[in-house]
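Put together the whole structure using the sequences plus the hints.
So the sequence lines, in the order shown, correspond to chains A and B. Here the numbering used here is used: position 106 in the first sequence is 106, and no number is missing along the way. Here the numbering used here is used: position 78 in the second sequence is 218, and no number is missing along the way.
Honestly, the hints are just simulated from the structure, not real lab data. Model, not experiment: these values are computed from the prediction. Think of the CB as a built atom: it goes at the ideal place given N, C-alpha and C, for glycine as much as any other residue. One should not assume that every hint holds.
[As the list claims (entries may be wrong)] Examples of chain B residues toward chain A, derived with CB under 7 Å:
hint, residue
1, Ala167
2, Leu192
3, Thr195
4, Leu202
5, Asp225
6, Arg227
[Said to hold, decoys possible] Residues from chain B that keep clear of chain A, each with C-beta distances beyond 10 Å, as calculated:
hint, residue
7, Ala159
8, Ser178
9, Thr186
10, Glu193
11, Gly203
12, Leu215
13, Gly217
14, Val229
15, Ile243
16, Ala244
17, Ser246
18, Glu248
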Amino acid sequence: METADRLGSGDRIELKFPARGDLIVLARLVTSAISARAGFDIEELEDLRLAVGELCLLTLQGSDAQHGDLHLELSVLGDAIEVVCTLERAQVATVPEPEGEEVARLSEQILDALVDEHGRESRDGSARAWLRKRRGGHAE
Amino acid sequence: MDQEFHIEQREGSTPPVIAVRGEIDVATAPQLRESLHSVIAQGEGTIVLDLLEVTFLDSTALGVLVGALKRCRELGGELHIVVADPRIVKIFEITGLTSVFTIADSLESAGPA
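Okay, structure coming up:
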């Protein structure tokens with residue numbers, strides 16, 4: 001890859017899309033591209049692609065996915081990438097999703113295994129989840 | 141998206157084989173759930189799920205598989221998973237599901253006739 005294509009510390013990319021499960025693939029695609037340009041190897045890139053999908057799912061958990069937007073911010077910070085996913089303008093779902101609790105538990109397990117740090121919070125009708133992964137820094 | 145999602149039930153196999161291709165995520169997992177439940181509703185307790193051509197799988201897909209496994213076991217059966225791609229196997233491993241499901245790396249070793 002040409003040096004001009006590389007992303008360096010301090011670079012930040014934002015993506016905003018309607019909070020629909022079928023559009024989470026966009027977050028995964030962008031994550032792959034950004035991770036490659038930030039110097040992550042193919043295995044780390046695959047880990048990040050899966051992890052960011054789970055981050056989006058956790059953010060959507062319990063929300064009304066027919067409304068609101070998912071706002072993704074990917075930042076290169078030194079040898080790490082930080083991804084923050086925020087659900088904006090959504091409402092709490094009235095109908096529980098099938099296997100919802102099980103899926104959230106599995107998402108947490110996947111994030112525990114694939115990234116260095118992650119967390120989530122819900123406040124004033126908006127949900128936010130984040131992760132951080134270093135290049136070559138996370139051993140299972 | 142490496143491959144278009146596709147799901148089919150193979151004709152004439154015992155136990156029934158459901159084969160999936162492409163990415164199983166929050167958008168496509170409901171189709172997998174519907175297929176599995178449809179077979180289970182016919183009284184089939186044991187199912188072989190062929191994931192050999194699956195290129196991506198997330199927690200939503202795993203949730204569907206765990207739900208289907210419970211239904212299979214209620215009928216005295218089992219949900220056999222066939223998976224060979226190390227990236228997909230890794231997802232089962234990190235979630236501890238390799239000890240929950242019967243996992244084989246080929247259809248022959250999963251045992252359908």
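Here is what the structure says about each hint:
Because the beta carbon of Ala167 (chain B) sits about 4 Å from the nearest beta carbon in chain A, less than 7 Å, this interface hint is met. Using the Cβ-Cβ criterion of 7 Å, the hint placing Leu192 (chain B) at the interface with chain A is not satisfied: the shortest such distance is roughly 18 Å. The beta carbon of Thr195 (chain B) is not positioned within 7 Å of any beta carbon in chain A (closest approach about 11 Å), and the interface hint is therefore violated. Given the 7 Å rule on beta carbons, the hint for Leu202 (chain B) holds: about 5 Å separates it from the nearest Cβ of chain A.
Taken as an interface hint, Asp225 (chain B) does not check out: its beta carbon lies about 11 Å from the nearest beta carbon of chain A, beyond 7 Å. Satisfaction of the interface hint for Arg227 (chain B) is found here, the shortest Cβ-Cβ separation to chain A being roughly 6 Å, below the 7 Å cut-off. Interface exclusion of Ala159 (chain B) from chain A stands, the closest Cβ pair being 22 Å apart, more than 10 Å. Every C-beta of chain A lies more than 10 Å from that of Ser178 (chain B), the closest at about 15 Å, which supports listing it as non-interface.
Every C-beta of chain A lies more than 10 Å from that of Thr186 (chain B), the closest at about 21 Å, which supports listing it as non-interface. Even its closest Cβ contact with chain A, about 17 Å, leaves Glu193 (chain B) beyond 10 Å, as expected for a residue assigned away from the interface. Here Gly203 (chain B) does not stay apart from chain A, with its beta-carbon only about 4 Å from theirs, under the 10 Å limit. Under the 10 Å C-beta cut-off, the non-interface status given to Leu215 (chain B) relative to chain A holds; the minimum distance is some 19 Å.
No Cβ of chain A comes within 10 Å of the Cβ of Gly217 (chain B); the nearest lies about 19 Å off, and the non-interface call holds. Annotated as non-interface, Val229 (chain B) keeps its C-beta farther than 10 Å from every C-beta of chain A; the closest such distance is 13 Å. Every Cβ of chain A is farther than 10 Å from the Cβ of Ile243 (chain B); the closest lies at roughly 16 Å, confirming the non-interface assignment. Even its closest Cβ contact with chain A, about 21 Å, leaves Ala244 (chain B) beyond 10 Å, as expected for a residue assigned away from the interface.
Every Cβ of chain A is farther than 10 Å from the Cβ of Ser246 (chain B); the closest lies at roughly 23 Å, confirming the non-interface assignment. Under the 10 Å C-beta cut-off, the non-interface status given to Glu248 (chain B) relative to chain A holds; the minimum distance is some 28 Å.
Checked against the numbered hints given earlier, this structure breaks hints 2, 3, 5 and 11; the rest are met.
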